[in-house]
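Engineer: Single-letter residue listing:
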Amino acid sequence: MAKNIYIGEIFKNEEIAQDCFLMSVALHSTFAEPQPGQFVMLRISGISEPFLARPFSIYSFQRETDFCRIDLLYQVVGKGTQILAGLIKGSQVEILGPLGNGFEISQSARNLVLIAGGMGAAPLSFLAEYLDNKVCSGSSKIYFYLGARNSETLIGMDKINNLTCTAVICTDDGSLGEKGLVTQILAQDLKKYAPDQTMIYACGPKPMLKELAKILQGTKFKCQVSLEERMACGVGACLGCAVEVKGKKGMAAYKRVCADGPVFYIDEIAWKKI
Amino acid sequence: MAKNIYIGEIFKNEEIAQDCFLMSVALHSTFAEPQPGQFVMLRISGISEPFLARPFSIYSFQRETDFCRIDLLYQVVGKGTQILAGLIKGSQVEILGPLGNGFEISQSARNLVLIAGGMGAAPLSFLAEYLDNKVCSGSSKIYFYLGARNSETLIGMDKINNLTCTAVICTDDGSLGEKGLVTQILAQDLKKYAPDQTMIYACGPKPMLKELAKILQGTKFKCQVSLEERMACGVGACLGCAVEVKGKKGMAAYKRVCADGPVFYIDEIAWKKI
Amino acid sequence: MSGKNNINMSVKIEKLKLKNPVMTASGTFGYGEEYADYVDLNKLGAVVVKGLSLKPRAGNPPPRIMETTGGMLNAVGLQNIGVEAFIAEKLPFLRKFDTKIIANIYGESYDEYKKIARKLDAAKGVHALEINISCPNVQKGGLSFGADPKTAAAVTRKVKDATDLPVIVKLTPNVTDITAIAIAVEKAGADAISLINTITGMSVDIFTRKPHLKNITGGLSGPAIKPVALRMVWQVLQKVSIPVIGIGGIMNAEDALEFLILGAKAVQIGTANFINPQATMDVIAGIEKFMQMSNVANINKIIGTFKP
Amino acid sequence: MSGKNNINMSVKIEKLKLKNPVMTASGTFGYGEEYADYVDLNKLGAVVVKGLSLKPRAGNPPPRIMETTGGMLNAVGLQNIGVEAFIAEKLPFLRKFDTKIIANIYGESYDEYKKIARKLDAAKGVHALEINISCPNVQKGGLSFGADPKTAAAVTRKVKDATDLPVIVKLTPNVTDITAIAIAVEKAGADAISLINTITGMSVDIFTRKPHLKNITGGLSGPAIKPVALRMVWQVLQKVSIPVIGIGGIMNAEDALEFLILGAKAVQIGTANFINPQATMDVIAGIEKFMQMSNVANINKIIGTFKP
Ligand SMILES: Cc1cc2nc3c(=O)[nH]c(=O)nc-3n(C[C@H](O)[C@H](O)[C@H](O)COP(=O)(O)OP(=O)(O)OC[C@H]3O[C@@H](n4cnc5c(N)ncnc54)[C@H](O)[C@@H]3O)c2cc1C
Ligand SMILES: Cc1cc2nc3c(=O)[nH]c(=O)nc-3n(C[C@H](O)[C@H](O)[C@H](O)COP(=O)(O)OP(=O)(O)OC[C@H]3O[C@@H](n4cnc5c(N)ncnc54)[C@H](O)[C@@H]3O)c2cc1C
Ligand SMILES: Cc1cc2nc3c(=O)[nH]c(=O)nc-3n(C[C@H](O)[C@H](O)[C@H](O)COP(=O)(O)O)c2cc1C
Ligand SMILES: Cc1cc2nc3c(=O)[nH]c(=O)nc-3n(C[C@H](O)[C@H](O)[C@H](O)COP(=O)(O)O)c2cc1C
Ligand code: FES
Ligand code: FES
Numbered sequence: 002m003a004k005n006i007y008i009g010e011i012f013k014n015e016e017i018a019q020d021c022f023l024m025s026v027a028l029h030s031t032f033a034e035p036q037p038g039q040f041v042m043l044r045i046s047g048i049s050e051p052f053l054a055r056p057f058s059i060y061s062f063q064r065e066t067d068f069c070r071i072d073l074l075y076q077v078v079g080k081g082t083q084i085l086a087g088l089i090k091g092s093q094v095e096i097l098g099p100l101g102n103g104f105e106i107s108q109s110a111r112n113l114v115l116i117a118g119g120m121g122a123a124p125l126s127f128l129a130e131y132l133d134n135k136v137c138s139g140s141s142k143i144y145f146y147l148g149a150r151n152s153e154t155l156i157g158m159d160k161i162n163n164l165t166c167t168a169v170i171c172t173d174d175g176s177l178g179e180k181g182l183v184t185q186i187l188a189q190d191l192k193k194y195a196p197d198q199t200m201i202y203a204c205g206p207k208p209m210l211k212e213l214a215k216i217l218q219g220t221k222f223k224c225q226v227s228l229e230e231r232m233a234c235g236v237g238a239c240l241g242c243a244v245e246v247k248g249k250k251g252m253a254a255y256k257r258v259c260a261d262g263p264v265f266y267i268d269e270i271a272w273k274k275i
Numbered sequence: 002m003a004k005n006i007y008i009g010e011i012f013k014n015e016e017i018a019q020d021c022f023l024m025s026v027a028l029h030s031t032f033a034e035p036q037p038g039q040f041v042m043l044r045i046s047g048i049s050e051p052f053l054a055r056p057f058s059i060y061s062f063q064r065e066t067d068f069c070r071i072d073l074l075y076q077v078v079g080k081g082t083q084i085l086a087g088l089i090k091g092s093q094v095e096i097l098g099p100l101g102n103g104f105e106i107s108q109s110a111r112n113l114v115l116i117a118g119g120m121g122a123a124p125l126s127f128l129a130e131y132l133d134n135k136v137c138s139g140s141s142k143i144y145f146y147l148g149a150r151n152s153e154t155l156i157g158m159d160k161i162n163n164l165t166c167t168a169v170i171c172t173d174d175g176s177l178g179e180k181g182l183v184t185q186i187l188a189q190d191l192k193k194y195a196p197d198q199t200m201i202y203a204c205g206p207k208p209m210l211k212e213l214a215k216i217l218q219g220t221k222f223k224c225q226v227s228l229e230e231r232m233a234c235g236v237g238a239c240l241g242c243a244v245e246v247k248g249k250k251g252m253a254a255y256k257r258v259c260a261d262g263p264v265f266y267i268d269e270i271a272w273k274k275i
Numbered sequence: 439m440s441g442k443n444n445i446n447m448s449v450k451i452e453k454l455k456l457k458n459p460v461m462t463a464s465g466t467f468g469y470g471e472e473y474a475d476y477v478d479l480n481k482l483g484a485v486v487v488k489g490l491s492l493k494p495r496a497g498n499p500p501p502r503i504m505e506t507t508g509g510m511l512n513a514v515g516l517q518n519i520g521v522e523a524f525i526a527e528k529l530p531f532l533r534k535f536d537t538k539i540i541a542n543i544y545g546e547s548y549d550e551y552k553k554i555a556r557k558l559d560a561a562k563g564v565h566a567l568e569i570n571i572s573c574p575n576v577q578k579g580g581l582s583f584g585a586d587p588k589t590a591a592a593v594t595r596k597v598k599d600a601t602d603l604p605v606i607v608k609l610t611p612n613v614t615d616i617t618a619i620a621i622a623v624e625k626a627g628a629d630a631i632s633l634i635n636t637i638t639g640m641s642v643d644i645f646t647r648k649p650h651l652k653n654i655t656g657g658l659s660g661p662a663i664k665p666v667a668l669r670m671v672w673q674v675l676q677k678v679s680i681p682v683i684g685i686g687g688i689m690n691a692e693d694a695l696e697f698l699i700l701g702a703k704a705v706q707i708g709t710a711n712f713i714n715p716q717a718t719m720d721v722i723a724g725i726e727k728f729m730q731m732s733n734v735a736n737i738n739k740i741i742g743t744f745k746p
Numbered sequence: 439m440s441g442k443n444n445i446n447m448s449v450k451i452e453k454l455k456l457k458n459p460v461m462t463a464s465g466t467f468g469y470g471e472e473y474a475d476y477v478d479l480n481k482l483g484a485v486v487v488k489g490l491s492l493k494p495r496a497g498n499p500p501p502r503i504m505e506t507t508g509g510m511l512n513a514v515g516l517q518n519i520g521v522e523a524f525i526a527e528k529l530p531f532l533r534k535f536d537t538k539i540i541a542n543i544y545g546e547s548y549d550e551y552k553k554i555a556r557k558l559d560a561a562k563g564v565h566a567l568e569i570n571i572s573c574p575n576v577q578k579g580g581l582s583f584g585a586d587p588k589t590a591a592a593v594t595r596k597v598k599d600a601t602d603l604p605v606i607v608k609l610t611p612n613v614t615d616i617t618a619i620a621i622a623v624e625k626a627g628a629d630a631i632s633l634i635n636t637i638t639g640m641s642v643d644i645f646t647r648k649p650h651l652k653n654i655t656g657g658l659s660g661p662a663i664k665p666v667a668l669r670m671v672w673q674v675l676q677k678v679s680i681p682v683i684g685i686g687g688i689m690n691a692e693d694a695l696e697f698l699i700l701g702a703k704a705v706q707i708g709t710a711n712f713i714n715p716q717a718t719m720d721v722i723a724g725i726e727k728f729m730q731m732s733n734v735a736n737i738n739k740i741i742g743t744f745k746p
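Protein chains in written order, with my numbering: chain A, 2 to 275; chain B, 2 to 275; chain C, 439 to 746; chain D, 439 to 746.
It is possible that some hints are incorrect.
If you anchor each label on the Cβ, the simulated ranges turn out as follows [stated by the list, open to error]:
1) Asp-475(C) - Lys-135(B): 25 to 33 angstroms
2) Glu-527(C) - Glu-105(B): 23 to 31 angstroms
3) Met-252(B) - Gly-79(A): 50 to 58 angstroms
4) Lys-677(C) - Glu-10(A): 37 to 45 angstroms
5) Met-252(B) - Gly-627(C): 16 to 24 angstroms
6) Ile-8(A) - Lys-677(C): 32 to 40 angstroms
7) Gly-175(A) - Gly-79(B): 53 to 61 angstroms
8) Val-734(C) - Asp-173(A): 24 to 32 angstroms
9) Glu-10(A) - Gln-83(B): 14 to 22 angstroms
10) Asp-174(A) - Ala-526(D): 50 to 58 angstroms
11) Arg-64(B) - Gly-563(C): 39 to 47 angstroms
12) Glu-452(D) - Asp-643(C): 26 to 34 angstroms
13) Lys-652(D) - Ile-275(B): 49 to 57 angstroms
14) Thr-646(D) - Asp-173(A): 52 to 60 angstroms
Here are the simulated lysine-lysine pairs, DSBU-like style, with alpha carbons at most 35 angstroms apart [unchecked claim]:
15) Lys-250(A) - Lys-4(A)
16) Lys-211(B) - Lys-193(B)
17) Lys-273(A) - Lys-648(D)
The hints are simulated quantities; they were obtained by calculation from the structure and are not laboratory data. Here a beta-carbon is modelled for each residue, glycine too, at the ideal position from N, C-alpha and C.
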């Protein structure tokens, strides 16, 4: 009974890359500390369109003296994000969260390998920051593979530049960093990492994660992926956000991305059905 | 094929009396010159709530060098006007108009008697201004009966003060002007006017107009009233805004407030059915 | 529209050839003249006029309309000037335009339907009839003709017998199994089916405790009903082989394309006209743009491309 | 709620006494626990849980939901953990609260309905059953039990025979004549009727040409359907004398009051929970405020005050 919807006030909503916006929202200071990989459900206050709240990963979180600030990175892909992009400073939004299970933080792995494609950079750069601040010691290291279509759509660099990590940038067209899909580049590097001393974290479009699953199949690498699915409630009640997992005896079985995820171990997911 | 929806920009939207707002909208200069009694259909651009446009009488119209300005006076009575009241400077609205048939301007009547209750002051003060500027000569005079619940809700005084007219203010509670309903005060004064030299113009809540119809019944006074009804199209196509008129042989007959009105001669309306 | 950029938007509803698949929906576009200042009627695929009855009808007492979330209720009560006044007073104006004129008709008995059809058949300038079977069947205790496959088929047959014009039967969505009605009217000789008419609804003023509509119930239209319209069009398309015209909640080209992709040969724009008098023009332009974007020159290459 | 300011909000659905008329709608509130962090379950009139089947069901493949204007489509496919797991794993948690627990059930055969009812009857802590008859009747070629007065009555009778708990029959709106179904289930012994379930709809992705839902069609819910729900509740209220529970598009207290004023004894809040997890609490508080404003101390003085 402690949880509630928070009314937030937008104090920044800027296009930081092509069709990609950074939204900063001020919230009451009772908003709970989010874990990397957790998300919020966001709606515009007072209007009925878009009707459902939209899920967004938390990109940054900051406690100020008498409020807290949450940053979201979002791409304009449809009606809801289009309307969001039009919101001006001072507009009010309703925020539910933090929701879902964030990434399991490995305290022991020496290699923390992060792979982000497109908007996957939002939760993963939050994770990288967290790992860098709270976990990494001399013995564990962060490797950040960041992919995008081209240099214009690449996001997350500003955060990465402030971290102690090895960043590998890839673009589909080679306009920045290596040319190629982030999964291809990772596949080439994979032998560098000892599976039992490595934790892989990934987020990105479905085809990328599917490819990653293929690459890791048969290996001993542990990998956590953050998934996306259309959502209504965000809290596990509507069963709308189903993802197929490997069921018993080949039977279909579904988990809820919002409440059982959004982070899953990659081998739990029935990739063939996706 | 000449007509179109105009996109207007709000440059003023202020509460000028209790729950009563003045909205000034800048429109492209091709917007046609409105006649007193005409109205516009107004919607907020880009959002689907409220769904239908709302009709509002034109309160003022001004041609500036490269745009024109339309003023509306509206009372917050429900969802649509509530949302309108929240619009800030710079918001865009869609305006269709000017629509409907305005007041028939009497060139001959010596007594131009205007009766407004509540928001009825919006079209009638536009009419008064028009009559004062374009019609009135030494021989015709304007008498403006303006009623409201109390001094806080009285509107239209600012315009009236600039006109050459005899203004009679009435409030239900006597907090300003005479105490009583505007129709009561008029009834007392009626004998002052010679029916064949008088044109009465009225707009206000239905009970007021109904009462007026009773007062004028059997007299020879000519009276035009501006009616209100819920509207969808505003152009005569949907038949949603029906008002019952006196039909042949007692049969029900309806006219469209938007296209056949909103101004009607008072004896045309089937007041008993309203 | 067609010709420009080699885009061909013309479609055929049996004998009826339309320059594009965008029509107005009955009751939302008056007799055409009400919107003639806003819309170039020549650019429309067809104008479907307000439902006509044998005799003029006064309609229902007000209030007749109410806004709902994403839609509106109406209880106009089929007010109209009657088929004769239509032919004498409205048709001459409509004949001047290079578009198809479709007369929407309804009756309270089989006989009335037949008589109206005969009159319109004899009049010059009407290209097709659309039969509204959502209205109460007075002979059958007020249940709508369209609620039962038998009465729906009977009306269709009567009208077919009375006219050589193409006959489009407009279905009501207020039924358990829309496909049963569709199959019945196809068998009875309908040249095409249009759907959906409004869904019956109501709303209550909690302060006065009265219904918002004097008639208590009314027909729900607008984007709120689009998902239901799409579903019914899809169900019917799987069961009949005559052309289907999609109606319900179409506000823009994207909405219209949903129906066309499912397989509707044409669409009708209703409530959207009230929100934007140029909705039909915007839909036509938007479909054309979509075709250019998708590199498709002929609209018939879009129609029925649904991949279920 | 009750007590404060002398406002009495308690209502009776036959034997079932509720502290207020506000329940959650099945499938939109999980098994209660999902919202227990947001809502004080003790304050609810009743919790209606996600539809339970005899065996666990995996449900439909994704995508399962899609937004529409003023509503949403869902094709969850009745995924649930099965009645036995419910009793073992979910009921103990729910029993801790001072509210009524209503189990929503559905089967694909009469026998399944009967078996589920028996199991729940034997379990402690369930106060009533709500039968979902919108699901396909496998024995009857997949048509829904609720689409035909005969099958609807038969299900009702089977369940009544299997339990002493009050039985609420939840009607599907996808029918020609809702009153025929309502009358049939009343005769068959239903203690109350709840309506409406979702209206079948669909939507199309014009870029991929695929349906937005993998299942193609889904159930439409939310404010878009409220006018239809109100109409059906009103129609049913004129024909039956057992209590009616209003469902469909209730987003706030005003919406709930529309149903209560018509004569519904209680309401269920569905899709609104997704938009605002505290929707039920806001509705309860809003009704109370309305009662204070209207100077009415007992909710039963609001119920049925409609002036048609
Ligand atoms: C846990 C989670 C975290 C997310 N984090 C981010 C983030 O940080 N930044 C960001 O830009 N986006 C994120 N998304 C995706 C984001 O929610 C969708 O892009 C957004 O809901 C689309 O809304 P729309 O109305 O603009 O698009 P719509 O018009 O609804 O749809 C446009 C397209 O986007 C797809 N889509 C819609 N909703 C989702 C969804 N929930 N997941 C995946 N695809 C969807 C549709 O299928 C369609 O192809 C996240 C999604 C989830 C589930
Ligand atoms: C030709 C015309 C000119 C008008 N001019 C003005 C004006 O200058 N200033 C002004 O404040 N109002 C004017 N109105 C009334 C105005 O249109 C309504 O107050 C407004 O539409 C209410 O919208 P809402 O969504 O806030 O109310 P709703 O929530 O829709 O309804 C609230 C209450 O207002 C009533 N109402 C709704 N629409 C109308 C309507 N069109 N006419 C009368 N009552 C209605 C409802 O029945 C209800 O009782 C005019 C109406 C017409 C037809
Ligand atoms: C005000 C109004 C009047 C209507 N009158 C008729 C009519 O006379 N005959 C008819 O067949 N349909 C009539 N309809 C139904 C529409 O033609 C159309 O089928 C329905 O509104 C759904 O489409 P929409 O959502 O685009 O409005 C009317 C609809 C409205 C809103
Ligand atoms: C995601 C979802 C799942 C649902 N599952 C069930 C169910 O299992 N059993 C049932 O009887 N109704 C189910 N319903 C229908 C609702 O209980 C309710 O009847 C309907 O949504 C209309 O109410 P609303 O507009 O308030 O949502 C479901 C609705 C939704 C949106
Ligand atoms: S979004 Fe409702 S269960 Fe996940
Ligand atoms: S508002 Fe449509 S006819 Fe008047």
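Engineer: Would you mind marking each hint as holding or not holding in the structure?
Structural biologist: Okay, the hints, checked on the actual structure:
The hinted range of 25 to 33 angstroms is satisfied by Asp-475(C) and Lys-135(B), whose Cβ atoms lie roughly 26 angstroms apart. With their beta carbons about 25 angstroms apart, Glu-527(C) and Glu-105(B) fall inside the hinted range of 23 to 31 angstroms. Restraint check, Met-252(B) to Gly-79(A): a C-beta distance of roughly 53 angstroms satisfies the suggested window 50 to 58 angstroms. Under the hint 37 to 45 angstroms, the C-beta atoms of Lys-677(C) and Glu-10(A), about 53 angstroms apart, miss the expected range.
About 37 angstroms separates the C-beta atoms of Met-252(B) and Gly-627(C), a value inconsistent with the hinted range of 16 to 24 angstroms. As the Cβ distance of Ile-8(A) to Lys-677(C) is approximately 50 angstroms, the hint placing it in 32 to 40 angstroms is violated. For Gly-175(A) paired with Gly-79(B), a C-beta distance near 58 angstroms keeps the hint of 53 to 61 angstroms intact. The beta-carbon spacing between Val-734(C) and Asp-173(A), approximately 27 angstroms, falls within the hinted interval of 24 to 32 angstroms.
As the Cβ distance of Glu-10(A) to Gln-83(B) is approximately 21 angstroms, the hint placing it in 14 to 22 angstroms holds. Look at Asp-174(A) against Ala-526(D): about 56 angstroms separates their beta carbons, and that is inside 50 to 58 angstroms. The hinted window of 39 to 47 angstroms between Arg-64(B) and Gly-563(C) holds, with their beta carbons roughly 42 angstroms apart. Our hint of 26 to 34 angstroms for Glu-452(D) and Asp-643(C) holds, since their Cβ atoms are close to 30 angstroms apart.
Taken as a hint, the range 49 to 57 angstroms holds for the pair Lys-652(D) and Ile-275(B), whose Cβ atoms sit roughly 54 angstroms apart. Separated by about 21 angstroms at the C-beta atoms, Thr-646(D) and Asp-173(A) break the suggested range of 52 to 60 angstroms. A distance of roughly 39 angstroms separates the Cα atoms of Lys-250(A) and Lys-4(A); the hinted pair therefore is violated under the 35 angstroms criterion. At most 35 angstroms may separate the alpha-carbon atoms for a hinted pair to count; Lys-211(B) and Lys-193(B) meet this at roughly 22 angstroms.
Restraint check for Lys-273(A) and Lys-648(D): the C-alpha separation of about 19 angstroms stays at or below 35 angstroms, so the hint holds.
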